[in-house]
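Chemist: Here is how the chains run, residue by residue.
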Amino acid sequence: MMENEIDRELLEKIADMLGKPVGAFNIRKDSGCDGRQSTEHIEITSKTDGKSGIDIRVKDGTVGETCHIPVIITKPGIEEMVYNDFYIGENCDVNIVAGCGIHNCGDQTSRHDGVHTFYVGKNSRVKYTEKHYGEGDGKGGKIMNPQTVVYLEEGATIQMETTQIRGIDSTKRYTKIVCGKGAEAIITERLLTHGDQVAESDMEIVLDGEDSKGRVISRSVAQDQSSQVFYPRMVGNAQCFGHVQCDSIIMGDAKIKSIPAITANCTEAQLVHEAAIGKIAGDQLLKLETLGLTPEEAEECILKGFLA
Amino acid sequence: MLELKHISYSVREGEEQLDILKDISLTIDDHRLVVFTGPNGGGKTTLAKIIMGLVTPTSGQILWNGQDVTNLTITERARLGISYGFQQPPRFKGLTVRDLLTLASGDEKLSKDKCCQYLTRVGLCANDYLEREVDVSLSGGEVKRIEIASILARNSQLMIFDEPEAGIDLWSFARLTETFEQIHRTGKATMIIISHQERIISLADEVIVVGDGTIRHRGTAADILPQILADTLGGCPVLTKEVKA
Chain A
1 MMENEIDREL LEKIADMLGK PVGAFNIRKD SGCDGRQSTE HIEITSKTDG
51 KSGIDIRVKD GTVGETCHIP VIITKPGIEE MVYNDFYIGE NCDVNIVAGC
101 GIHNCGDQTS RHDGVHTFYV GKNSRVKYTE KHYGEGDGKG GKIMNPQTVV
151 YLEEGATIQM ETTQIRGIDS TKRYTKIVCG KGAEAIITER LLTHGDQVAE
201 SDMEIVLDGE DSKGRVISRS VAQDQSSQVF YPRMVGNAQC FGHVQCDSII
251 MGDAKIKSIP AITANCTEAQ LVHEAAIGKI AGDQLLKLET LGLTPEEAEE
301 CILKGFLA
Chain B
1 MLELKHISYS VREGEEQLDI LKDISLTIDD HRLVVFTGPN GGGKTTLAKI
51 IMGLVTPTSG QILWNGQDVT NLTITERARL GISYGFQQPP RFKGLTVRDL
101 LTLASGDEKL SKDKCCQYLT RVGLCANDYL EREVDVSLSG GEVKRIEIAS
151 ILARNSQLMI FDEPEAGIDL WSFARLTETF EQIHRTGKAT MIIISHQERI
201 ISLADEVIVV GDGTIRHRGT AADILPQILA DTLGGCPVLT KEVKA
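If you read the sequences in order, they're chains A and B.
Numbered according to our numbering, the first sequence terminates at residue 308, and the numbering increases by one at each position without gaps.
Numbered according to our numbering, the second sequence terminates at residue 245, and the numbering increases by one at each position without gaps.
Honestly, the hints are just simulated from the structure, not real lab data.
Please note that the accuracy of each hint is not assured.
Unchecked claim - Listed below are the simulated DMTMM-like cross-link pairs for lysine to aspartate or glutamate, each with C-alpha atoms no more than 25 Å apart in a straight line: (1) B/K93 / A/D202; (2) B/K109 / A/E300; (3) A/K59 / A/E161; (4) A/K131 / B/E198; (5) A/K127 / A/D107; (6) B/K93 / A/D283; (7) A/K213 / B/D135; (8) B/K49 / A/E296; (9) A/K131 / B/E133; (10) A/K131 / A/E12; (11) A/K131 / B/E131; (12) B/K93 / A/E154; (13) B/K109 / A/D202; (14) A/K304 / B/E133.
Quick caveat: nothing in here was measured; it's all calculated off a predicted structure.
Hey, can you work out the whole structure from these sequences and the hints?
Modeler: Structural data, given as C-alpha cells:
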C-alpha cells in the first residue's frame, strides 16, 4: 500500500492522508484495491452484483468515526465506472472522506466516473468531503464525472464539501439530495478551472419533508480559456427553507454561466437564491498591495481565500 | 521624514483640465501627528493616496526618509514602511479577520494574543471576530475598525488614515482616539490622519487645511480650529443671507 511518492502525494492532496489512516478505509488504485480495512462499526465489502465498487455499512449509533475511500489513477488510459453505496444507520455521526486524484504522464485519457449513493438513517449526521485533483504533463485528458445521490431520513443531516483543486480537464458533476422531515443538507462546492478546462455542475436539492432545510454555497474561479456551467436547483415540496448562493470569479478569457432555479410546490416553502459573477475587485488588490504584497501575490491570496 | 515637492495632479474631463492638486509642497518630520482637514473635494484624499502610490501625480516628487519614492509601486512603498487605512475598505469573501491581520503583520505565525491586542485597540473582541470573514456579513463600522486594526498590525513607520472616524460609533471612536494618542505618545510612528473631528484635530501637532487643491492653512490645532469654523460658517453665503433676513 502507498508504495511510491506519486501515490503518497495524491493521497495527501485528495484525502489529507499521511500514511495508513485510522479507522475504516478502502484505497482504490488503478482500478484495483490497494488496501482495505473494516472496523467494528463500519464494514466495507466489494459489490456482489457485478458492478465495480464497494458497499459501506455503518452500524446504528456509530459516533466519531472516519472512513477514507480515496481513488487514485496513476496509469494513463484507465477509464472506469465505479459504484459506491453508503448505508448509514440511525443516530450516527460519521465522517466520510472520498476524493480522486489522477496522475497522467501519458497521451491516453484517464477517466474516473464515480456514482456515490447515500442512504442516511434517522437522526444521523454525515460529513462528506470530496476533493478532485489532476496532475502530470502528458497530453492525455484527466476526466472526472462524479455523481452523488443522497437520501436523508427524518432528522438526518449531510454536510457535503466538494473541491476541484486543479488539473481536471473535464468534469460533469451531478448531485441530488432528497431531504425527509426535519432533515438538512449543506453543500459547499469549490471549483477551479484553468487552461482549456470545462466544468459543469448540476445540482438538485429536493426538500420533501416538513421543516427540512437546504443550503448550497458554490464558489468557483475560472481562469484562462476555461468554462463553467452551474445549474443549482432547489425544490420545496413542504414547509421548508432553502438557500442557494453561487459566487464566481472570472479571469482571462474564461466563460461562466450560472443558472440557479428555485421551485416552490407548497405555500410554506421559503426559498432564496443569489448568484454573482465578477472579476477580482481592483480595491481588493490595492488593499493587499498596501500591506506589502505584489499584485501577483495579492491575486493569489484573494483566490486562495475565496476557494478555501 | 516625508517630503512632498511641488505635487500637482490634474485630470481631463472632456476638453477641460481639472486641477485636483496645485503645486503642493510640505515636509512632515518623524513621529509627528499631522491632520489633513478641509472641505469635501478639496484634495485631501488624493494627496494621501499620492503618498501611498495609489494615485500617480502629474508632476512633483515624493521623498521618504530621503529616498525618492515617486516612481515606486504601492508594494515597494509598503515595504519601505508606508501604510494606508482606506476610508471605504474593501471586503473579501473567504478572508478572515485573522488572515487580514496576519498578512498585515507579515508574521505568518501571528499569535491570537497579538490579534487580540490590535482588535481591542479599535474596540473589537478577538473571540467574536477573529474567525469571521471580512465580507458583507460585517457592518460598515466593523469593517472600518478591522481596517484600522490591520494598520496597527502593520506597525509601519508612516501610518495614513483616511477618515478613520467615518461610520464608527461614539464609544468605539473614544477608544480609537486613545489609540492614536498612545501611538503618538510612544513615538512609534508618523501619522497622517484625514479627519473632520475636533477631537482628532486637537490631538495633532500640526493641522493642514487642504482646500481647492492647495494648502490653505497650516498651524496648531489651537490656531486652525477657529479659522476652520470661520471658513465653514462665516464663509457660507446662504447662511449669511438667512441671518440677514
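Chemist: Take the C-alpha atoms of A/K213 and B/D135, compute the straight-line distance between them, and say whether it is at most 25 Å.
Modeler: Answer holds: A/K213 to B/D135 is near 24 Å, not above 25 Å.
Chemist: Would the hint linking A/K127 and A/D107 be met if the CA-CA limit is 25 Å?
Modeler: violated, 36 Å
Chemist: Would you mind confirming whether the straight-line C-alpha gap from B/K109 to A/D202 stays at or under 25 Å?
Modeler: violated, 40 Å
Chemist: Run the distance test for A/K59 versus A/E161: straight-line Cα separation, threshold 25 Å.
Modeler: holds, 23 Å
Chemist: Are the Cα atoms of B/K49 and A/E296 separated by 25 Å or less?
Modeler: Roughly 21 Å between the alpha carbons, so the hint for B/K49 and A/E296 holds.
Chemist: Given the hinted pair A/K131 and A/E12, is their Cα-Cα distance within 25 Å?
Modeler: With Cα atoms ~10 Å apart, A/K131 and A/E12 stay inside 25 Å; holds.
Chemist: Tell me if the straight-line CA distance from B/K93 to A/E154 falls inside 25 Å.
Modeler: Between B/K93 and A/E154 the Cα gap is close to 34 Å, so the pair fails against 25 Å, i.e. violated.
Chemist: Need the status of pair A/K131, B/E131: alpha-carbon distance at most 25 Å?
Modeler: holds, 23 Å
Chemist: Between A/K304 and B/E133, is the straight-line Cα distance small enough, at 25 Å or below?
Modeler: Distance of about 13 Å is within 25 Å: holds.
Chemist: Could you grab the alpha-carbon distance between B/K109 and A/E300 and see if it respects the 25 Å cut-off?
Modeler: holds, 19 Å
Chemist: With the threshold set at 25 Å, check whether the alpha-carbon distance from A/K131 to B/E133 stays at or below it.
Modeler: holds, 23 Å
Chemist: Between the alpha carbons of B/K93 and A/D283, is the straight-line distance 25 Å or under?
Modeler: Satisfied, since the Cα-Cα distance of roughly 13 Å is no more than 25 Å.
Hint violations for this structure: numbers 4, 5, 12, 13, all remaining hints satisfied.
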